[in-house]
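Asker: Sequence:
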Amino acid sequence: MPFANLKVPAGTLTAGQKEDLIVKVTDLYCDTFGDAVRDNTMVLIDEVVDGGWGIRGDVLTLAKIQQHA
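Each position in the sequence shown, counted from 1, maps to that position plus 143 in the working numbering.
Wrong hints could be hidden among the right ones.
[What the hints assert, rightly or not] Each computed PhoX-like pair below joins lysine-lysine, with the alpha-carbon atoms no more than 20 Å apart: (1) Lys-207 to Lys-167; (2) Lys-150 to Lys-167; (3) Lys-150 to Lys-161.
Since the hints were made in silico from the structure, they are not lab data. Please read these numbers as outputs of a predicted model, since none were measured by experiment.
Sequences and hints are given; from them, build the entire structure.
Answerer: As structure tokens, this is what we get:
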């Protein structure tokens with residue numbers, strides 16, 4: 144069963160954007176493995192709490208992300 148786990152900062156995606164990601168990732172798996180995997184493909188979007196992750200040793204917050212966008 145294909146499985147994708149996407150982790151995003153909490154509050155950065157709308158419900159529509161999440162739906163779009165789920166559809167597109169599912170379609171990508173089907174393009175790769177064939178349409179037979181569609182019924183068993185799971186896409187999970189985890190929203191990470193503000194300040195709950197980092198990169199290069201820097202803690203990321205929504206404010207920092209929006210500042211650099």
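Asker: Of the hints given before, which are not true for this structure?
Answerer: Number 1 - this is the single hint that the structure violates.
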